[in-house]
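**Q** Spelled out, the chains give:
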Amino acid sequence: MSNGALDRPTFEAIEAYVLERLSADERAAFERRMATDADLRAEVELERENIRAVELGGMQRTLRSIVEEEHGQRTSPNGWTGYLKYAAMLAAVVASALWLLRPTGGERLYSEYFSPDPGLPVAMGAAADPAFADAMVSYKEGEYDEALSKWAPLLQADPMNDTLRYYLACAHLAQGATSEAVPLLEGIANEERSAFHRKARWYLFLAHVRNGDASAVGKSPLDEDSVYGERARLIKAALKP
Amino acid sequence: MEARAYIAAPPAWVAGLRRNDAATLRALYEKHFPAIRQYVLQNSGTGNDAQDVFQEAVTVLWMSVKEGRMVPDADPGGFLYRVAKNKWLDVVRSAAHKHMKVVHDDRTLDRGADVDDDIEERIARLRGVYEKLDDKCRSVLDRFYFERKDLATIANEMGVEEESIRTIKYRCMMKLRAFRKAISGEDQQAR
Numbered sequence: 001m002s003n004g005a006l007d008r009p010t011f012e013a014i015e016a017y018v019l020e021r022l023s024a025d026e027r028a029a030f031e032r033r034m035a036t037d038a039d040l041r042a043e044v045e046l047e048r049e050n051i052r053a054v055e056l057g058g059m060q061r062t063l064r065s066i067v068e069e070e071h072g073q074r075t076s077p078n079g080w081t082g083y084l085k086y087a088a089m090l091a092a093v094v095a096s097a098l099w100l101l102r103p104t105g106g107e108r109l110y111s112e113y114f115s116p117d118p119g120l121p122v123a124m125g126a127a128a129d130p131a132f133a134d135a136m137v138s139y140k141e142g143e144y145d146e147a148l149s150k151w152a153p154l155l156q157a158d159p160m161n162d163t164l165r166y167y168l169a170c171a172h173l174a175q176g177a178t179s180e181a182v183p184l185l186e187g188i189a190n191e192e193r194s195a196f197h198r199k200a201r202w203y204l205f206l207a208h209v210r211n212g213d214a215s216a217v218g219k220s221p222l223d224e225d226s227v228y229g230e231r232a233r234l235i236k237a238a239l240k241p
Numbered sequence: 001m002e003a004r005a006y007i008a009a010p011p012a013w014v015a016g017l018r019r020n021d022a023a024t025l026r027a028l029y030e031k032h033f034p035a036i037r038q039y040v041l042q043n044s045g046t047g048n049d050a051q052d053v054f055q056e057a058v059t060v061l062w063m064s065v066k067e068g069r070m071v072p073d074a075d076p077g078g079f080l081y082r083v084a085k086n087k088w089l090d091v092v093r094s095a096a097h098k099h100m101k102v103v104h105d106d107r108t109l110d111r112g113a114d115v116d117d118d119i120e121e122r123i124a125r126l127r128g129v130y131e132k133l134d135d136k137c138r139s140v141l142d143r144f145y146f147e148r149k150d151l152a153t154i155a156n157e158m159g160v161e162e163e164s165i166r167t168i169k170y171r172c173m174m175k176l177r178a179f180r181k182a183i184s185g186e187d188q189q190a191r
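Going down the list, the protein sequences come from chains U and Y.
Count the first sequence with my numbering and you get residues 1 to 241, in order.
Count the second sequence with my numbering and you get residues 1 to 191, in order.
Please keep in mind that the hints were generated in silico from the structure rather than gathered at the bench.
Worth double-checking, as some hints may not be accurate.
Mimicking SDA-like on lysine to any residue, the simulated pairs with C-alpha atoms at most 25 Å apart in a straight line are [claimed, not checked]:
#1 Y:Lys66 x U:Glu45
#2 Y:Lys149 x U:Leu6
#3 U:Lys150 x Y:Asn48
#4 Y:Lys31 x U:Arg64
#5 Y:Lys181 x Y:Thr167
#6 Y:Lys66 x Y:Glu30
#7 Y:Lys136 x Y:Asn20
#8 U:Lys236 x U:Pro221
#9 Y:Lys136 x U:Ala238
#10 Y:Lys136 x Y:Ile119
#11 Y:Lys181 x U:Ala38
#12 Y:Lys181 x Y:Ile123
#13 Y:Lys149 x U:Glu20
#14 Y:Lys31 x U:Glu143
#15 Y:Lys132 x U:Glu45
#16 U:Lys219 x U:Lys150
#17 U:Lys199 x U:Ala238
#18 Y:Lys66 x Y:Gly47
#19 Y:Lys149 x U:Pro153
#20 Y:Lys149 x U:Val44
Some but not every residue of chain U turned toward chain Y, in silico, with C-beta under 7 Å [said to hold, decoys possible]:
#21 Arg33
#22 Ala35
#23 Val44
#24 Glu45
#25 Arg48
#26 Leu56
#27 Gly57
#28 Val67
#29 Lys140
Footprint (simulated), chain U over chain Y, 3 or more residues, beta carbon under 8 Å [as the list claims (entries may be wrong)]:
#30 16-29
#31 77-83
#32 150-164
A virtual CB, placed ideally from N, CA and C, is assigned to each residue, including glycine.
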């Protein structure tokens with residue numbers, strides 16, 4: 001491969017060959033030249049690679065715009081490392097802003113201690129209840145409105161179902177709608193046989209903290225809980241005047 | 001009876017990828033993204049994670065087709081799912097994601113059957129080449145080589161003379177050539 005400049009006519013002849021824009025006669029003549037010219041063969045391979053690189057860039061830009069159009073949000077500009085870098089930068093900026101603008105009292109403690117329930121695993125093709133599983137996928141994606149609208153009719157059909165009541169409450173909590181979550185959680189917090197009993201008591205406590213319901217917070221029996229007790233005591237201490 | 005040789009036409013999606021057809025990419029997304037999203041979500045990932053692995057998988061599919069490595073009648077859905085799944089498992093197994101759990105793994109893990117070992121390396125190399133281009137070069141070269149528009153159309157879209165587009169295209173491609181030659185020279189010196 002020559003290290004000198006490549007003149008424009010030769011560049012365009014190679015381009016026409018790579019893009020298959022030569023007639024059959026022109027193509028045969030070009031290939032005869034290549035057969036005896038190693039430099040030309042090397043230039044063809046180099047130009048083919050460079051054109052492929054441009055096509056790859058264009059394809060990824062197009063695909064990104066299709067995905068963004070469907071989801072209305074970002075995707076990674078440069079693969080995983082690019083995404084993680086920007087996500088970390090964004091998280092740092094958001095954390096700084098939250099610190100500077102942090103609310104006081106119950107809201108601040110709620111933000112500090114609340115983390116959404118991660119949801120239940122959804123086994124592909126094996127879900128006993130596909131409607132519930134579909135809503136769970138929405139919940140795990142952070143589409144809480146969608147999850148609520150899918151679970152709500154299921155609860156109407158089965159109003160005592162503790163799993164539905166618990167995850168409806170979780171979706172409300174994740175949206176900051178603690179008042180809507182409280183009545184759902186109160187029921188489960190009193191049902192000791194429910195698998196969600198303990199977590200419901202914790203989330204109910206947090207909801208009361210955010211709502212500024214000092215009486216309910218004070219009455220919470222969480223202090224002695226082996227998992228949540230320490231956090232409950234810290235919150236109560238922080239709320240004392 | 002005279003024997004005839006039949007050459008089967010490639011499936012529409014293969015032909016579409018070969019000519020960089022955006023509608024084909026959209027169709028692949030609409031048909032195959034939901035299964036991949038489902039897999040990532042049920043294995044501790046997010047919707048954004050699913051988008052990322054889907055895009056990576058389509059890139060591998062696209063490159064395989066472009067380089068003639070893809071069996072023309074192969075199912076793109078199965079291919080995309082396997083590649084995306086392997087990519088997500090790589091993430092889950094990485095040090096930063098040790099806490100994640102794979103809760104469901106009912107399909108055969110068979111990376112070697114679909115993806116040549118060097119294809120991802122080649123994609124990374126070509127991405128590096130593309131990143132050397134400035135915005136002006138990308139704008140012209142994308143339209144000519146990816147969108148397959150002719151010089152007159154590009155000139156009209158950008159409000160300049162056709163000859164200017166031809167010159168810009170040549171200069172931009174010479175920048176890539178110079179970059180590649182510099183890399184090639186460094187490689188030879190290193191040996």
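**Q** Against this structure, judge whether each hint is valid.
**A** Cross-check of the supplied hints:
1. Between Lys66 of chain Y and Glu45 of chain U the alpha-carbon distance is near 15 Å, which keeps this suggested pair within the 25 Å criterion.
2. With a C-alpha separation of about 24 Å, the suggested pair Lys149 of chain Y and Leu6 of chain U falls inside the 25 Å cut-off, and the hint holds.
3. At roughly 22 Å between alpha-carbon atoms, Lys150 of chain U and Asn48 of chain Y fall within 25 Å of each other, so this suggested pair holds.
4. Note on Lys31 of chain Y and Arg64 of chain U: the hinted pairing holds, with a Cα-Cα distance of about 16 Å set against a maximum of 25 Å.
5. Of the pairs offered as hints, the one joining Lys181 of chain Y and Thr167 of chain Y holds, with about 21 Å between alpha carbons and a cut-off of 25 Å not exceeded.
6. A hinted pair counts as satisfied when its Cα atoms are at most 25 Å apart, and Lys66 of chain Y with Glu30 of chain Y qualifies at roughly 21 Å.
7. The straight-line distance between the Cα atoms of Lys136 of chain Y and Asn20 of chain Y is roughly 21 Å, inside the 25 Å bound, and the hint therefore holds.
8. Pair hint Lys236 of chain U plus Pro221 of chain U holds up; C-alpha atoms about 12 Å apart against a cutoff of 25 Å.
9. Using a Cα cut-off of 25 Å, the hinted pair Lys136 of chain Y and Ala238 of chain U is violated, with the two alpha carbons roughly 57 Å apart.
10. Restraint check for Lys136 of chain Y and Ile119 of chain Y: the C-alpha separation of about 28 Å exceeds 25 Å, so the hint is violated.
11. Taking the CA atoms of Lys181 of chain Y and Ala38 of chain U, the gap is about 16 Å. The hint holds against a cut of 25 Å.
12. Distance restraint check for Lys181 of chain Y and Ile123 of chain Y: the Cα-Cα separation of roughly 19 Å lies within the 25 Å cut-off, and the hinted pair is therefore satisfied.
13. Taken as a hint, the Lys149 of chain Y and Glu20 of chain U pair is honoured in the structure, with Cα atoms around 15 Å apart against an allowance of 25 Å.
14. Straight-line distance between C-alpha atoms of Lys31 of chain Y and Glu143 of chain U comes to about 21 Å, which keeps the hinted pair within the 25 Å bound.
15. Pair hint Lys132 of chain Y plus Glu45 of chain U holds up; C-alpha atoms about 19 Å apart against a cutoff of 25 Å.
16. Between the alpha carbons of Lys219 of chain U and Lys150 of chain U the distance comes to roughly 34 Å, so the proposed pair goes past 25 Å and is violated.
17. At roughly 21 Å between alpha-carbon atoms, Lys199 of chain U and Ala238 of chain U fall within 25 Å of each other, so this suggested pair holds.
18. Among the hinted pairs, Lys66 of chain Y with Gly47 of chain Y is inconsistent with the structure: their alpha-carbon atoms are about 28 Å apart, more than 25 Å.
19. Between Lys149 of chain Y and Pro153 of chain U the alpha-carbon distance is near 52 Å, which puts this suggested pair outside the 25 Å criterion.
20. The hinted pair formed by Lys149 of chain Y and Val44 of chain U meets the criterion: a straight-line CA distance of about 22 Å does not exceed 25 Å.
21. The interface hint given for Arg33 of chain U is broken, as the beta carbon of that residue sits about 19 Å from the closest beta carbon of chain Y, more than 7 Å.
22. Interface restraint check: Ala35 of chain U against chain Y, minimum CB-CB distance 22 Å, threshold 7 Å, status violated.
23. Interface hint at Val44 of chain U: violated, since its Cβ lies 12 Å from the closest Cβ of chain Y, which is beyond the 7 Å cut-off.
24. Look at Glu45 of chain U: its Cβ only gets to about 10 Å from chain Y, farther than 7 Å, so that hint breaks.
25. For Arg48 of chain U, the suggested interface contact is broken, since its CB lies about 10 Å from the closest CB of chain Y, more than 7 Å.
26. Of the supplied interface hints, the one on Leu56 of chain U holds, with its beta-carbon coming within about 5 Å of a beta-carbon of chain Y, less than 7 Å.
27. With a least beta-carbon distance of about 4 Å to chain Y, the hint placing Gly57 of chain U at the interface is held under the 7 Å criterion.
28. With its C-beta approaching chain Y no nearer than about 5 Å, Val67 of chain U sits inside the 7 Å limit, and its interface hint holds.
29. The criterion of a C-beta within 7 Å of any C-beta in chain Y is met by Lys140 of chain U, whose closest approach is roughly 5 Å, and the hint holds.
30. For the stretch 16-29 of chain Y, the proposed coverage by chain U is satisfied: 5 residues have a C-beta within less than 8 Å of a C-beta in that chain, meeting the threshold of three.
31. Counting residues of the stretch 77-83 of chain Y whose C-beta sits closer than 8 Å to any C-beta of chain U gives 0, which falls short of three, so the coverage hint is violated.
32. Proximity of the stretch 150-164 of chain Y to chain U, defined as three or more residues with a beta carbon under 8 Å from a beta carbon of that chain, is not established by the 0 residues found.
The structure fails to meet hints 9, 10, 16, 18, 19, 21, 22, 23, 24, 25, 31, 32 from the earlier list, while all remaining hints are met.
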